[in-house]
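With the hints as extra help, turn the sequences into a complete structure.
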Amino acid sequence: MTNINYIFQSQRLGFRPWAESDFEEFKRMNADPEVMRHSPGTLSEEQSEGFFQRLQDHYAKHGFCYFATDLLETGELIGFIGFAYQDYESEFTPAIDIGWRLKTSAWGKGYATEGAKRCLEYGFEKLGLASVISVCIVRNEPSENVMKKIGMMRQGIFNHPRLVDYPDLENCVCYKMEV
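When you read off a place in the sequence shown, starting at 1, and then add 63, the result is the number in the working numbering.
Misleading hints may appear alongside valid ones.
Simulated restraints on C-beta separations [to be verified]:
1) Val-227 x Phe-114: 15 to 25 Å
2) Gly-214 x Asn-234: 18 to 28 Å
3) Gln-72 x Gly-104: 27 to 37 Å
4) Pro-230 x Ser-84: 31 to 41 Å
5) Ala-123 x Ile-220: 28 to 38 Å
6) Asp-231 x Ile-67: 38 to 48 Å
7) Arg-91 x Asn-208: 23 to 33 Å
8) Ile-67 x His-125: 15 to 25 Å
9) Gly-138 x Arg-217: 29 to 39 Å
10) Val-227 x Leu-135: 38 to 48 Å
11) Thr-167 x Gly-138: 13 to 23 Å
12) Arg-75 x Tyr-229: 27 to 37 Å
13) Ser-84 x Asp-120: 14 to 24 Å
14) Ile-220 x Ile-67: 18 to 28 Å
If you are wondering where the hints come from, they were derived from the structure by calculation, not from laboratory data.
All C-beta atoms in this analysis are idealised placements derived from N, C-alpha and C, irrespective of residue type, glycine included.
This is how it looks when you write it as structure tokens:
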């Protein structure tokens, strides 16, 4: 689809700010128990609305966010890959983190790795970021594997303060990449 103005692209993916027309697909993805299995749970419509608004506000404030990510071939929204400013209390923050969430139909095709690599290039070259972290729960092997594949270095394990009410999820691993 050539009529979409992407901020940047990888070989197969386009990265852009969120549009109101993305909300239904975003909400469906966040309500999928398989997609959310490494999170405290699925998101209600209200929780997805709040997250959607925070993504739009983050982009307006910082010029980046967890970008809406489309397949270039079809224009299909497959999820998000991008950056967020994190200031929760830990030895790794405050920092810019790279994160991703893709709907299940996009799994196993290398999109997270391809997209995260391209986001890092964009972040370092165009946004002037000096370093980027990435965090996931310890048992989220697919995300940790992406962190390794994109060249990030393991920094350590910590108890995530935003997951303190979820003892089976609060043990997280942090990776980092610097320019």
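Hints versus structure:
1. Evaluation of the 15 to 25 Å hint for Val-227 and Phe-114 yields a pass: the beta carbon distance comes to about 20 Å.
2. Between Gly-214 and Asn-234 the C-beta distance comes to about 24 Å, which sits within the given range of 18 to 28 Å.
3. For Gln-72 and Gly-104, the Cβ-Cβ distance of about 33 Å falls inside the hinted range of 27 to 37 Å, so the restraint holds.
4. Checking the proposed 31 to 41 Å range against Pro-230 and Ser-84 shows it holds: the Cβ atoms sit about 39 Å from each other.
5. The given range of 28 to 38 Å is respected by Ala-123 and Ile-220, whose C-beta atoms sit roughly 34 Å from each other.
6. Checked against the given bound of 38 to 48 Å, the beta carbons of Asp-231 and Ile-67, roughly 40 Å apart, stay inside it.
7. Range check, Arg-91 to Asn-208: Cβ separation about 25 Å, and the 23 to 33 Å hint holds.
8. Between Ile-67 and His-125 the C-beta distance comes to about 22 Å, which sits within the given range of 15 to 25 Å.
9. Range check, Gly-138 to Arg-217: Cβ separation about 36 Å, and the 29 to 39 Å hint holds.
10. In this structure the hint that Val-227 and Leu-135 lie 38 to 48 Å apart at CB holds, the actual value being about 40 Å.
11. For the hinted restraint 13 to 23 Å between Thr-167 and Gly-138, the CB-CB distance of approximately 19 Å keeps it satisfied.
12. Arg-75 and Tyr-229 have their C-beta atoms about 34 Å apart, which keeps the hinted 27 to 37 Å range intact.
13. Under the hint 14 to 24 Å, the C-beta atoms of Ser-84 and Asp-120, about 18 Å apart, fit the expected range.
14. Distance hint check for Ile-220 and Ile-67: the Cβ-Cβ separation is about 39 Å, which falls outside the suggested range of 18 to 28 Å.
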